[in-house]
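Those protein sequence lines, which keep their order, are chains A and B.
Residue numbering for the first sequence follows the working numbering, beginning at 981 and increasing consecutively.
Residue numbering for the second sequence follows the working numbering, beginning at 981 and increasing consecutively.
Since the hints were made in silico from the structure, they are not lab data.
Values in this document were obtained by computation on a predicted structure and should not be read as measured data.
It is possible that some hints are incorrect.
Since the list gives no way to pick one copy over another, a pair counts as held whenever it fits inside one copy or between any two copies.
Heads up, simulated SDA-like pairs for lysine to any residue below, C-alpha to C-alpha not over 20 Å straight-line [to be verified]: (1) Lys-1165 to Gly-1084; (2) Lys-1227 to Glu-1246; (3) Lys-1220 to Gly-1249; (4) Lys-1197 to Lys-1220; (5) Lys-1213 to Ala-1161; (6) Lys-1228 to Gly-1248; (7) Lys-1232 to His-1275; (8) Lys-1237 to Phe-1250; (9) Lys-1022 to Leu-1176; (10) Lys-1227 to Gly-1240; (11) Lys-1197 to Ser-1223; (12) Lys-1237 to Met-1247; (13) Lys-1101 to Ala-1304; (14) Lys-1228 to Gly-1249; (15) Lys-1227 to Leu-1241; (16) Lys-1232 to Glu-1113; (17) Lys-1098 to Glu-1130; (18) Lys-1213 to Gly-1111; (19) Lys-1227 to Lys-1237; (20) Lys-1228 to Leu-1238; (21) Lys-1197 to Val-1149; (22) Lys-1070 to Arg-1096; (23) Lys-1237 to Ile-1035; (24) Lys-1073 to Gly-1095.
Spelled out, the chains give:
Number of protein chains: 2
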Amino acid sequence: MNIIIDAMGGDNAPLAPLQGAAAAVTELGVSITAVGDEALLKKTAQANSISLNGITFVHAADVIGMDEDATDVVRKRPNSSLAIALGLLKEGKGDALVSAGSTGALLVGATLLVGRIKGIKRAAIGSVMPGAENPWMLIDCGANADCRAEQLVQFGVMGSAYMEKVMGVNSPRVSLANNGAEETKGGQLQQEAYALLKESGLNFAGNIEARDIPFGKTDVVVCDGFTGNIILKLEEGVAKMFSGMLKKMFYKNTKTKLAGLAMKSEMGGFKKSFDYSEYGGAPLLGIKRPVIKAHGSSNADAIKNALRQAKTCAEKDVSGAIEAWISQHKQDKKQEGAQDD
Amino acid sequence: MNIIIDAMGGDNAPLAPLQGAAAAVTELGVSITAVGDEALLKKTAQANSISLNGITFVHAADVIGMDEDATDVVRKRPNSSLAIALGLLKEGKGDALVSAGSTGALLVGATLLVGRIKGIKRAAIGSVMPGAENPWMLIDCGANADCRAEQLVQFGVMGSAYMEKVMGVNSPRVSLANNGAEETKGGQLQQEAYALLKESGLNFAGNIEARDIPFGKTDVVVCDGFTGNIILKLEEGVAKMFSGMLKKMFYKNTKTKLAGLAMKSEMGGFKKSFDYSEYGGAPLLGIKRPVIKAHGSSNADAIKNALRQAKTCAEKDVSGAIEAWISQHKQDKKQEGAQDD
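Next up, chain A with everything else stripped away, as it sits in the complex (with noise of 0.2 Å):
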């Protein structure tokens, strides 16, 4: 198993991601491809006493910035890591991608140089979540503002693969987040979508109000891109701002630090629940091969929980999952058209 990183890509580049590579090749038994400025690849790691053992540089002269404008920047960009990166993985040259670098040209990029598998209308990025009872897939977090409803129907075939093969769920229950738990709620995109997840042979589990999410009682929560986002980085906001007011609690006086002290490690344990990185960085669904975006922010640690993803995902096949889902599912169409005459 060979994994493809863009090394050029995040806020802790390329450092992070040489030492995340190293410790997946011990760790998690794979090889490494770095695609990077090879000197500069070296330099770190021989600065950092990092061992190369396991790992192959491709020289790639360019990098896309976070903030680049995404359209068809990695097709302009050829020499880009992150381009050469892509065209590996497309070539079989490995067997996933991991980058830390900017989300829009990661998904562009993928769409453009690897293609979305037959029959995806457009890939997503899924997010699992963690929740009070269990940890769910958000899908799509942000790649589709605007979708028609059989865009839904297929994030839930993704997502639900996702949970399947790499989260070790049975028969994941796939809701749709709405206004409201009635079959009549929301505007005309989520009725369409509650139409068509019914008959859709999925486990659909009905609609999820906004207010029980957080509580993870379904295993993938499938929405708009716009939605997705809201919900994302709204639960992010909420978390940030009720830590800073716990702490600001904590801080008040005497009496209130002693109980700060008295409850470390539980706020330790109380940040972590929320910290959605703790299951590794977010798939991008519906490309032929499997590719993760880490956050920007990744340290070494984080890198290599998305390496061990990328690995799971190449292993468990997401991509073929979802490929023959789909694949079924319009023969079945074809055989009741066939029946219908």
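Using the hints, position chain B against chain A.
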């Protein structure tokens, strides 16, 4: 000043509405028209020693349940407390109306029986939310799942009028809930709304990302009702999950229990700072006269606060401010049109 109350609406009706009404008469110097089953209201008042000073009853034989389908229910149930209360408001028998009953029925009923302000396309539900820096209004919170860009601008006008007149904010900042800060972000709806808001004459502060929403760095957050429902309910859900986890942490062992005791008063303030009932009920904006939806679970105090809010809306003429803006804006448009010719 006379405020009409649907005395049969809400989980704690008719006791809480009666107690709240009596408190409002004493504390706010208003008179109250309480609509409902007169015999029951009188019996409840007597059994609970509630003074009926300043309270007039109008009999209604019927009540609309919390879960009844909203569409046209008010028109089909002319003897319901809500229909009669709205009729009184329309006839000018009161200056404002408060109900803790079904949101859907109140919205449809207010639109049909009292009517929208001239030029307003759709009424919307606003909710003043606690923020780390300042309270802010979320509008629309769920009245209109599918919206057009023009409606979002009108929500901005309504929210701005409310925050200025009722909350005393000078030139309220209006932001558009979006999936990024840049002008080009969002789906078609957000992009169109951004362009219109920029030219609207409102104090438009651009896009606000969901991660910044809880901090309240703006005064009005504008969105379609689907997104508004997601934001409102997700904040509620995350707050509930946090509280549950904190409670569990403090109950873990003797050390943490002692810490919990030390933090008791701080935790009370913490909880309160997430309680969006702090700022009263949710105003239905865009209706000709002030209508306040009190929370279904309102106790006497919450009802009294909603009555105060209704009084302020009437005194400060929020509806008039909205009407004036819309009418002025139309004239501006016409003049622009004339100049263009």
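Here is how each hint holds up against the structure:
1. Lys-1165 to Gly-1084: between (32 Å within a copy, 12 Å between copies)
2. Lys-1227 to Glu-1246: Result: close both inside a copy and across copies, 13 Å intra and 11 Å inter.
3. Lys-1220 to Gly-1249: For Lys-1220 and Gly-1249, both the intra-copy (15 Å) and inter-copy (18 Å) Cα distances are at most 20 Å.
4. Lys-1197 to Lys-1220: between (23 Å within a copy, 14 Å between copies)
5. Lys-1213 to Ala-1161: For Lys-1213 and Ala-1161, only the inter-copy Cα distance (13 Å) is at most 20 Å; the intra-copy one is 23 Å.
6. Lys-1228 to Gly-1248: For Lys-1228 and Gly-1248, the Cα distance is within 20 Å both inside one copy (16 Å) and across copies (14 Å).
7. Lys-1232 to His-1275: neither (33 Å within a copy, 33 Å between copies)
8. Lys-1237 to Phe-1250: both (18 Å within a copy, 16 Å between copies)
9. Lys-1022 to Leu-1176: neither (52 Å within a copy, 52 Å between copies)
10. Lys-1227 to Gly-1240: both (8 Å within a copy, 14 Å between copies)
11. Lys-1197 to Ser-1223: Classified as between; 18 Å across copies, 24 Å inside a copy.
12. Lys-1237 to Met-1247: both (13 Å within a copy, 14 Å between copies)
13. Lys-1101 to Ala-1304: Answer is within; shortest intra-copy Cα gap is 15 Å, inter-copy 47 Å.
14. Lys-1228 to Gly-1249: both (18 Å within a copy, 12 Å between copies)
15. Lys-1227 to Leu-1241: both (11 Å within a copy, 17 Å between copies)
16. Lys-1232 to Glu-1113: between (32 Å within a copy, 18 Å between copies)
17. Lys-1098 to Glu-1130: Classified as within; 15 Å inside a copy, 39 Å across copies.
18. Lys-1213 to Gly-1111: both (15 Å within a copy, 16 Å between copies)
19. Lys-1227 to Lys-1237: both (10 Å within a copy, 18 Å between copies)
20. Lys-1228 to Leu-1238: both (13 Å within a copy, 19 Å between copies)
21. Lys-1197 to Val-1149: within (13 Å within a copy, 40 Å between copies)
22. Lys-1070 to Arg-1096: within (11 Å within a copy, 58 Å between copies)
23. Lys-1237 to Ile-1035: So Lys-1237 and Ile-1035 fail the 20 Å test inside a copy (48 Å) and across (51 Å) alike.
24. Lys-1073 to Gly-1095: Only inside one copy: Lys-1073 and Gly-1095 sit 16 Å apart there, 67 Å across copies, limit 20 Å.
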